[in-house]
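Full structure from sequences and hints, please.
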Amino acid sequence: MHEFAITQSLLDMAVAKAREARAGRVTAINLVIGGLSDVVDECVRFYFDMLSGETLARGAQLNFRKVPLQIRCRGCGAAYNPVPGAPWTCPACGGSDAEIASGKEFFIESIEVE
Amino acid sequence: MEIKVLKNILDANNQIAARNRARLDAQRVTALNIMASPGAGKTTLVVRTVQGLKEKCRIGVIEGDIASTIDADRVAREGIPVVQINTGGECHIDANMMSTALESMDLDKIDLLLLENVGNLVCPAEFDTGSHRKVMLLSVPEGDDKPYKYPLMFTIADAIIINKIDTLPLFDFNMANFEKAVRGMNPAARLFPMSLKTGEGLTEWLAWVEAQARRS
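So the sequences go chain by chain: A and B.
Under our numbering, think of the first position of the first sequence as -18, with each following residue one higher.
Under our numbering, think of the first position of the second sequence as 122, with each following residue one higher.
One should not assume that every hint holds.
As the list claims (entries may be wrong) - Here are the simulated lysine to aspartate or glutamate pairs, EDC-like style, with alpha carbons at most 20 Å apart:
no. : chain 1 : residue 1 : chain 2 : residue 2
1   : A       : Lys85     : A       : Asp22
2   : B       : Lys125    : A       : Glu95
3   : B       : Lys301    : A       : Asp78
4   : B       : Lys318    : B       : Glu263
5   : B       : Lys270    : A       : Asp78
6   : B       : Lys270    : A       : Asp19
7   : B       : Lys128    : A       : Glu90
8   : B       : Lys270    : A       : Glu86
9   : B       : Lys301    : A       : Glu80
10  : B       : Lys128    : A       : Glu93
11  : B       : Lys125    : A       : Glu93
12  : B       : Lys125    : A       : Glu90
13  : B       : Lys125    : A       : Asp(-7)
14  : B       : Lys128    : A       : Asp19
15  : B       : Lys175    : B       : Glu325
It is worth saying that the hints were derived from the structure and are not from the lab.
As C-alpha cells, this is what we get:
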C-alpha cells in the first residue's frame, strides 16, 4: 500500500495551508475518504506521527470521515450500497448498469489551527 | 480556528501528471498506462504490441517493477528504447516516477509510449501518471468476479483486455457475467477478449492502439 506517500502529501498540504494562515500549530486535520479507497487509517496515523515530528502539525489529530460506496442505477435511478465484492444488482429493478454516486472522495476537508 | 482546504490528497501527484501529459502532447506522443495483477500478461502484451506495431509507429516502453529488470530486458530484445523504473517497494508508478522516466526517454524519437505499471489492481488505479489512456488487463484464471472486487480499476479503464481466453474450458470463468459487470459499471470502455498465447483477438487490439497513437 501507499499510505506513506499519501501521509506525506496530506501533511505537506496541511502545513502549507497553516503557514498561509500564519497559524502557530495545526491541531486537527479533517479527511474525507470514500469507500473505494483502500487506505488504512491506522497506517496513516502511524506514518503521520513519524513524519510530523518537526512540523507545525506535530501531534495533530487525524479525523477520517468515511463516505460509503454508493451506486446509482442507470435504469431506474435508484441509489443503493452494494455488498463489497458482490454483483451490482439494483434492488429496485434488478438492472446491473450503474454508476458510482459516491465513494471516490479522497480529500482534506479542513484543518483546525491555533 | 477551522480553515477549509477541500483539496484532493493526491493533488500534488495530479499536477505532476498533468505536466507529464502536456509534455507528451507537445512531443506528439501518446502514452498508454497498462495495469494488471502480477501474472496477467502485461509484459507479454507489451512485447506483442511492440512486435505488431513497430513497423507502423515508433514505440518506447517504460517498465515499472518493484526491483528486478527481467521485464525490461525481455522488452529491450525487441530493439526499441526501454526505460526501467524500480519503485523500490512502492506498489504503483506515480507521476513523479513517470516524470523521471520521461527524462531518460528521447521523446522526439517515439510516437507511442507503453507504460507497464507494477502488478497490482488497487494502487495504480488511484495514481494518475500522465498517460492518455488507461488499459487494464485481466486474465481468465483470476475469475469473473474481479470487477466488483476492484471497481475503481474497472471504472477508470479506457480499454479492458481479458487475456488467456484459450484457458476458458479449464476455469469457471463466465464471460457473459464478466461482460455484464464491466458494461454495467463502465459502458464506455472497449473490451478485448484475447489470448496472447494463440494470438486470438490481437488484431482488434493492435488496431485500437494504432488509432490512439494517431489521434494527434
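Okay, the hints, checked on the actual structure:
With a CA separation close to 16 Å, the supplied pair lysine 85 (chain A) and aspartate 22 (chain A) stays within the 20 Å bound. For the suggested pair lysine 125 (chain B) and glutamate 95 (chain A), the alpha carbons sit about 14 Å apart, so the restraint of at most 20 Å is met. Among the hinted pairs, lysine 301 (chain B) with aspartate 78 (chain A) is consistent with the structure: their alpha-carbon atoms are about 8 Å apart, no more than 20 Å. Note on lysine 318 (chain B) and glutamate 263 (chain B): the hinted pairing holds, with a Cα-Cα distance of about 17 Å set against a maximum of 20 Å.
Between lysine 270 (chain B) and aspartate 78 (chain A) the alpha-carbon distance is near 16 Å, which keeps this suggested pair within the 20 Å criterion. Restraint check: the Cα-Cα separation between lysine 270 (chain B) and aspartate 19 (chain A) comes to about 12 Å, which is no more than 20 Å; the hinted pair holds. Only pairs whose Cα atoms come within 20 Å are accepted, and lysine 128 (chain B) paired with glutamate 90 (chain A) is accepted, the gap being roughly 7 Å. With a CA separation close to 18 Å, the supplied pair lysine 270 (chain B) and glutamate 86 (chain A) stays within the 20 Å bound.
Taking the CA atoms of lysine 301 (chain B) and glutamate 80 (chain A), the gap is near 14 Å; set against the 20 Å cutoff, the hint holds. For the suggested pair lysine 128 (chain B) and glutamate 93 (chain A), the alpha carbons sit about 15 Å apart, so the restraint of at most 20 Å is met. Distance hint between lysine 125 (chain B) and glutamate 93 (chain A) is fulfilled; the C-alpha atoms sit about 9 Å from each other, no more than 20 Å. At most 20 Å may separate the alpha-carbon atoms for a hinted pair to count; lysine 125 (chain B) and glutamate 90 (chain A) meet this at roughly 6 Å.
For the hint linking lysine 125 (chain B) to aspartate -7 (chain A), the alpha-carbon distance of about 15 Å falls within 20 Å, and the restraint holds. Proximity of lysine 128 (chain B) to aspartate 19 (chain A) is assessed by CA-CA distance (about 19 Å); at most 20 Å being required, the pair is judged to hold. Among the hinted pairs, lysine 175 (chain B) with glutamate 325 (chain B) is consistent with the structure: their alpha-carbon atoms are about 16 Å apart, no more than 20 Å.
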